[in-house]
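Take the sequence shown: its letters are residues 1 to 261, numbered as in the numbering used here.
You may find that some hints are simply not true.
[Unchecked claim] Cut-off 25 Å, straight-line C-alpha distance, at most; resulting in silico cross-link-like pairs (DMTMM-like, lysine to aspartate or glutamate):
id: 1; residue 1: LYS154; residue 2: GLU222
id: 2; residue 1: LYS236; residue 2: ASP179
id: 3; residue 1: LYS154; residue 2: GLU174
id: 4; residue 1: LYS208; residue 2: GLU172
id: 5; residue 1: LYS208; residue 2: ASP197
id: 6; residue 1: LYS154; residue 2: GLU172
id: 7; residue 1: LYS208; residue 2: ASP188
id: 8; residue 1: LYS236; residue 2: GLU194
id: 9; residue 1: LYS236; residue 2: ASP197
id: 10; residue 1: LYS208; residue 2: ASP54
id: 11; residue 1: LYS208; residue 2: ASP229
id: 12; residue 1: LYS208; residue 2: ASP191
id: 13; residue 1: LYS154; residue 2: ASP188
id: 14; residue 1: LYS154; residue 2: GLU117
id: 15; residue 1: LYS236; residue 2: ASP224
id: 16; residue 1: LYS236; residue 2: GLU174
id: 17; residue 1: LYS208; residue 2: ASP223
To be clear, the hints were calculated from the coordinates, so they are not data collected in a lab.
For clarity, every value in this text was computed on a predicted model and none was experimentally measured.
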Amino acid sequence: MNTVSSFHPPAGRAAHGVVPSSGALDPLALYASAIDSSDYVTRVSPIIHRLVPDIGSLIDVGAGGGQLGASLVAAGQRWVAVEPAPVMTARLRALPGAPQVIPLGWDAPELTCEPAETVLAATMPAYLTDPARFLARCRQWARRRVVWVVPAQKAPRGLILAACLPREWHGEDETPGIDLVLPRLGPDQPDHVEATDWTFSLVTRDLKGFAAFQADRLGWPEDDPRRPDLFAHLLKQAVPTAAGLRLSCHRRSAILVWTLS
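Could you build the full structure based on these sequences and the hints that come with them?
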């Protein structure tokens with residue numbers, strides 16, 4: 001994943017892209033490890049580069065682990081990551097060519113940021129819950145264009161790997177995110193929209209631990225009889241690899257671009 005691929009976790013942390021086998025799992029760290037072992041960046045980044053060949057300076061809103069932003073920004077260009085989660089900000093600061101990290105949410109009243117040529121937002125709850133206000137905020141920071149990467153698969157979007165579970169277990173809305181976002185933008189539609197498919201993959205050395213994590217996130221009590229069924233269900237789908245067991249599900253992302261000048 002370009003510069004991200006050379007990142008090495010500090011001593012005591014899991015290898016990049018592999019879920020640790022013990023200890024409590026952090027949902028954000030888990031998601032970041034899955035992006036490391038997925039083909040997300042290799043499928044999405046070339047499309048953004050084609051639609052926006054001159055990224056220039058970059059403000060990466062909700063930067064997460066920085067995988068996509070690192071693949072887009074050129075060496076020597078200013079890269080600002082707006083990211084409030086401590087597990088992600090620590091990761092961002094450890095990257096080679098680390099961005100300037102602003103550890104705040106996009107709507108924090110105290111947040112100030114010098115504009116950049118491009119503003120990027122990928123996998124952000126804000127464009128699902130308040131897209132018009134979030135787009136206005138992105139426009140304030142963008143000199144030339146705004147780029148969003150929005151979920152476009154007909155599948156659940158909340159629990160990690162919820163798509164590997166029966167719908168009666170995860171209970172999530174499966175409406176494609178793009179179908180929720182575009183109508184709520186009204187007349188302020190993007191200038192370009194293009195979609196690509198990719199595979200979300202998580203590698204774990206402790207499938208039982210991950211199954212317990214999922215059951216906890218679903219709110220199932222410790223004695224819920226579905227817990228062993230959940231583990232068995234995941235075990236049937238898991239693919240052995242040298243690093244551990246791999247679980248995968250289909251994803252589709254829509255790349256939205258607004259050109260401001």
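These are the hints, each one checked on the structure:
no., hint, in the structure
1, LYS154 / GLU222, "violated, 31 Å"
2, LYS236 / ASP179, "violated, 32 Å"
3, LYS154 / GLU174, "holds, 5 Å"
4, LYS208 / GLU172, "holds, 23 Å"
5, LYS208 / ASP197, "violated, 29 Å"
6, LYS154 / GLU172, "holds, 11 Å"
7, LYS208 / ASP188, "violated, 46 Å"
8, LYS236 / GLU194, "violated, 34 Å"
9, LYS236 / ASP197, "holds, 24 Å"
10, LYS208 / ASP54, "violated, 46 Å"
11, LYS208 / ASP229, "holds, 11 Å"
12, LYS208 / ASP191, "violated, 46 Å"
13, LYS154 / ASP188, "holds, 24 Å"
14, LYS154 / GLU117, "violated, 32 Å"
15, LYS236 / ASP224, "holds, 20 Å"
16, LYS236 / GLU174, "holds, 23 Å"
17, LYS208 / ASP223, "holds, 15 Å"
Checked against the numbered hints above, the structure violates hints 1, 2, 5, 7, 8, 10, 12, 14; every other hint is satisfied.
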